[in-house]
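Chemist: For the protein sequence lines, the chains are A and B, in the order given. Quick note: to get this note's numbering, add 38 to the position in the first sequence (first position is 1). Quick note: to get this note's numbering, add 38 to the position in the second sequence (first position is 1).
Read the hints as simulated data drawn from the structure, not as lab findings. Because the structure is a prediction, the values reported are computed rather than measured. Don't take every hint at face value.
Unchecked claim - Covered by chain A, per the in silico footprint, the following chain B stretches (three or more residues, Cβ under 8 angstroms):
#1 165-174
#2 223-236
#3 280-286
#4 324-336
#5 378-391
#6 396-406
#7 443-452
Glycine included, C-beta positions come from ideal geometry on N, C-alpha and C.
Protein chains: 2
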Amino acid sequence: MFHRCQPPSLTTSQQIADGFCSFCWRDARTHERGGGRLRASLSAFNPDKCDPPSERQKFNEGQANGSNSGAKTSSSTETADVALRRPTFSKQPPGSVSPARRQIKEVKETKITINCVTFPLPGEGPEQQLLKPNEWSYCDYFWTDKKDPQGTTSVAGFEVLLQKQLKGKQMQKEMAEFIHERIKIEEEYAKNLSKLSLSPLAVQEEGTLGEAWTQLKKSLHDEAEVHLKFSNKLHSEVEKPLLTFRGDNFKKDLKKYDHHIADLRKQLASRYAGVEKARKALADRQKDLEVKTQQLEIKLSNKTEEDIKKARRKSTQAGDDLMRCVDLYNQTQSKWFEEMVTTSMELEKLEVERIEWIQQHLRQYTTLRHETDMFNQSMVEPVDQLLQNVDPAKDRELWVKENNTGEVRPVDMDI
Amino acid sequence: MFHRCQPPSLTTSQQIADGFCSFCWRDARTHERGGGRLRASLSAFNPDKCDPPSERQKFNEGQANGSNSGAKTSSSTETADVALRRPTFSKQPPGSVSPARRQIKEVKETKITINCVTFPLPGEGPEQQLLKPNEWSYCDYFWTDKKDPQGTTSVAGFEVLLQKQLKGKQMQKEMAEFIHERIKIEEEYAKNLSKLSLSPLAVQEEGTLGEAWTQLKKSLHDEAEVHLKFSNKLHSEVEKPLLTFRGDNFKKDLKKYDHHIADLRKQLASRYAGVEKARKALADRQKDLEVKTQQLEIKLSNKTEEDIKKARRKSTQAGDDLMRCVDLYNQTQSKWFEEMVTTSMELEKLEVERIEWIQQHLRQYTTLRHETDMFNQSMVEPVDQLLQNVDPAKDRELWVKENNTGEVRPVDMDI
Numbered sequence: 039m040f041h042r043c044q045p046p047s048l049t050t051s052q053q054i055a056d057g058f059c060s061f062c063w064r065d066a067r068t069h070e071r072g073g074g075r076l077r078a079s080l081s082a083f084n085p086d087k088c089d090p091p092s093e094r095q096k097f098n099e100g101q102a103n104g105s106n107s108g109a110k111t112s113s114s115t116e117t118a119d120v121a122l123r124r125p126t127f128s129k130q131p132p133g134s135v136s137p138a139r140r141q142i143k144e145v146k147e148t149k150i151t152i153n154c155v156t157f158p159l160p161g162e163g164p165e166q167q168l169l170k171p172n173e174w175s176y177c178d179y180f181w182t183d184k185k186d187p188q189g190t191t192s193v194a195g196f197e198v199l200l201q202k203q204l205k206g207k208q209m210q211k212e213m214a215e216f217i218h219e220r221i222k223i224e225e226e227y228a229k230n231l232s233k234l235s236l237s238p239l240a241v242q243e244e245g246t247l248g249e250a251w252t253q254l255k256k257s258l259h260d261e262a263e264v265h266l267k268f269s270n271k272l273h274s275e276v277e278k279p280l281l282t283f284r285g286d287n288f289k290k291d292l293k294k295y296d297h298h299i300a301d302l303r304k305q306l307a308s309r310y311a312g313v314e315k316a317r318k319a320l321a322d323r324q325k326d327l328e329v330k331t332q333q334l335e336i337k338l339s340n341k342t343e344e345d346i347k348k349a350r351r352k353s354t355q356a357g358d359d360l361m362r363c364v365d366l367y368n369q370t371q372s373k374w375f376e377e378m379v380t381t382s383m384e385l386e387k388l389e390v391e392r393i394e395w396i397q398q399h400l401r402q403y404t405t406l407r408h409e410t411d412m413f414n415q416s417m418v419e420p421v422d423q424l425l426q427n428v429d430p431a432k433d434r435e436l437w438v439k440e441n442n443t444g445e446v447r448p449v450d451m452d453i
Numbered sequence: 039m040f041h042r043c044q045p046p047s048l049t050t051s052q053q054i055a056d057g058f059c060s061f062c063w064r065d066a067r068t069h070e071r072g073g074g075r076l077r078a079s080l081s082a083f084n085p086d087k088c089d090p091p092s093e094r095q096k097f098n099e100g101q102a103n104g105s106n107s108g109a110k111t112s113s114s115t116e117t118a119d120v121a122l123r124r125p126t127f128s129k130q131p132p133g134s135v136s137p138a139r140r141q142i143k144e145v146k147e148t149k150i151t152i153n154c155v156t157f158p159l160p161g162e163g164p165e166q167q168l169l170k171p172n173e174w175s176y177c178d179y180f181w182t183d184k185k186d187p188q189g190t191t192s193v194a195g196f197e198v199l200l201q202k203q204l205k206g207k208q209m210q211k212e213m214a215e216f217i218h219e220r221i222k223i224e225e226e227y228a229k230n231l232s233k234l235s236l237s238p239l240a241v242q243e244e245g246t247l248g249e250a251w252t253q254l255k256k257s258l259h260d261e262a263e264v265h266l267k268f269s270n271k272l273h274s275e276v277e278k279p280l281l282t283f284r285g286d287n288f289k290k291d292l293k294k295y296d297h298h299i300a301d302l303r304k305q306l307a308s309r310y311a312g313v314e315k316a317r318k319a320l321a322d323r324q325k326d327l328e329v330k331t332q333q334l335e336i337k338l339s340n341k342t343e344e345d346i347k348k349a350r351r352k353s354t355q356a357g358d359d360l361m362r363c364v365d366l367y368n369q370t371q372s373k374w375f376e377e378m379v380t381t382s383m384e385l386e387k388l389e390v391e392r393i394e395w396i397q398q399h400l401r402q403y404t405t406l407r408h409e410t411d412m413f414n415q416s417m418v419e420p421v422d423q424l425l426q427n428v429d430p431a432k433d434r435e436l437w438v439k440e441n442n443t444g445e446v447r448p449v450d451m452d453i
């Protein structure tokens with residue numbers, strides 16, 4: 039099957055295993071990882087930008103070139119495992135050629151597997167473009183596990199994203215608490231103002247001045263009402279929404295994501311263990327074959343050709359097993375990759391929504407503050423009006439009418 | 039001496055006692071009560087509007103007319119005393135004519151003395167115009183003493199005016215107290231807001247949303263500062279002035295007025311007692327003269343003409359005494375009248391000043407309220423600004439830069 043990212047000259051008749059393209063080992067139909075769902079997640083994903091060539095591709099190239107090469111096995115002493123570089127050989131699966139007949143060609147290490155996830159080493163393979171350039175998208179930046187500062191354990195990148203969402207939930211709860219405290223302060227203030235407005239202090243002041251004073255006292259009650267209204271709206275329009283936004287289901291949903299991704303990592307670890315086991319088995323079989331072949335050549339033992347054929351067969355089987363295990367591992371890693379992209383995009387969206395939702399509700403807070411100050415100011419208007427009307431002459435008239443003792447002036451006494 | 043309110047035909051050669059005009063018994067030079075000081079108080083006072091004519095005027099008229107009239111004494115059964123109407127007679131002071139020779143002329147009662155102050159009876163004498171028309175001036179409405187509801191004691195009209203000023207002082211003190219309570223409420227509110235602004239709630243929120251949240255919390259402290267400023271200004275610009283306006287000297291000044299006027303009333307009472315005593319003495323002398331005259335006519339006794347002349351002399355003296363006492367009483371009443379007008383005008387002015395001063399300071403209160411609400415509103419501006427700047431994409435960039443675990447994407451494992 040032709041691959042659109044492969045020049046026509048590099049065709050191969052190698053059976054395409056399990057519907058995966060032999061060139062890039064992606065979905066043979068779409069040449070993309072994971073098919074439709076992922077395509078939806080990565081709308082900017084460019085299928086022409088393949089992963090760095092795999093060993094299978096090298097194998098294909100080797101076959102086309104017809105070169106013979108020896109093999110040199112190398113084992114890694116690092117904590118991570120570098121993929122065993124199979125020496126190139128013509129037309130034969132890993133286990134079928136005697137190690138002695140192989141051409142040893144030094145193959146550079148280009149990949150590294152850390153915590154069961156395989157990465158290209160720096161500078162190796164084609165440059166990786168961001169899946170979503172210029173967006174600082176979660177799906178681009180959380181592939182590696184994060185090491186604990188102490189250095190012993192590590193946390194999946196996905197876990198970091200999940201923790202952020204959980205923290206976001208905590209933030210909204212704390213914000214609600216803050217608003218609640220403000221509400222209590224406002225209610226206290228309103229209660230105090232209201233109580234003072236009922237004070238009988240200077241209640242005996244009469245006339246226009248008395249009216250102005252009465253209104254001034256009343257205005258405290260009006261102010262109290264304004265603050266009470268403010269606190270009620272703070273409760274219904276800011277605090278309560280902050281408390282109920284995303285309810286309890288949210289945490290359950292997050293847990294689902296968490297478990298789902300964690301399960302896929304476990305599967306990957308399991309697959310990786312399988313690969314390691316198959317690798318060892320192959321090494322054992324190859325060693326056995328080598329030993330037996332050498333023995334035959336120096337006619338050391340009475341091992342027959344039959345034994346060697348058997349050893350060779352087992353070696354070939356082991357090679358096939360390894361290939362199968364690597365296939366399964368890569369499939370599982372693809373699946374995990376796909377879910378990582380999809381789910382981290384979901385978390386990203388949730389974070390955008392969270393920020394915008396909180397922004398909106400904090401704006402509601404400032405709107406209420408504005409309103410409150412405006413209403414509060416207007417409570418002073420009637421007082422101003424009455425103070426403007428204060429008229430000592432009028433007050434004297436009112437008071438004198440009420441309190442005069444007599445208009446008739448004294449006159450001289452008669453004798 | 040001619041009197042400008044007296045037609046030239048009614049001249050009299052009666053000695054003008056103590057510099058008082060014989061017609062209206064006011065100051066002979068100015069024909070006004072009390073002279074210059076009072077003139078200043080009553081700028082609208084019209085010297086042409088004299089008090090109703092006194093008995094002296096009637097005496098003068100009687101002399102001019104040359105009529106003979108009898109006398110009818112009447113005694114009052116009311117609590118007030120009506121002036122003893124001396125029967126008119128020609129050219130002779132009260133005590134010099136035998137009661138029997140007098141023509142009895144019914145003289146209507148036109149005045150009444152209450153608590154030693156003499157008033158015209160309703161409908162008697164020329165109509166009194168207000169000293170300060172259309173002004174409801176204190177000097178026009180507090181001449182009579184106010185009876186206690188229980189009916190036993192009474193309070194001088196002046197006392198009512200004084201009490202009003204003292205109450206005014208009490209009012210300003212109570213207003214200051216009210217403002218003080220407001221100050222305490224504001225300080226409490228400010229303290230609570232300030233404390234809450236330091237809350238670490240949601241301090242972990244980062245990026246543009248975190249900045250907006252931080253500013254929101256800070257704005258509470260800014261609001262607290264506004265309310266603290268408000269309370270400080272309330273104290274210095276409203277409460278303190280209300281407490282210190284008119285200080286302690288004010289009450290002392292009021293007491294001085296009180297005592298001064300009260301003393302004049304006591305003097306008046308004393309003069310009145312003198313008049314009553316002289317009236318009684320005259321009645322006794324007249325009775326004695328009458329008895330002696332009758333006895334002579336019916337040749338009842340061996341009383342000589344000498345005895346009658348003696349009795350007549352004593353009667354005349356008693357009449358002179360009475361005239362002098364009435365003069366003194368009227369002088370004292372004039373003095374009191376003058377002081378009443380001057381002092382009540384002073385109290386009136388004090389009340390006008392008090393009202394205007396309080397009006398001004400309560401306006402300061404409303405100004406501070408306006409300012410406070412405006413400052414408070416402006417404390418929300420920076421929060422609004424930062425909320426407007428909230429940018430989920432920016433926050434993602436910041437967070438991802440800080441927290442990413444790795445950009446390199448996994449690749450397929452090689453065999």
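Chemist: All hints are to be evaluated individually against the structure, with a verdict given for each.
Modeler: Going down the list of hints, with the structure as the test:
1. 165-174: holds (count 5)
2. 223-236: Contact hint for the region 223-236 of chain B vs chain A: holds, 6 residues under 8 angstroms.
3. 280-286: violated (count 0)
4. 324-336: violated (count 0)
5. 378-391: holds (count 3)
6. 396-406: holds (count 6)
7. 443-452: With 10 residues close enough to chain A, the hint holds.
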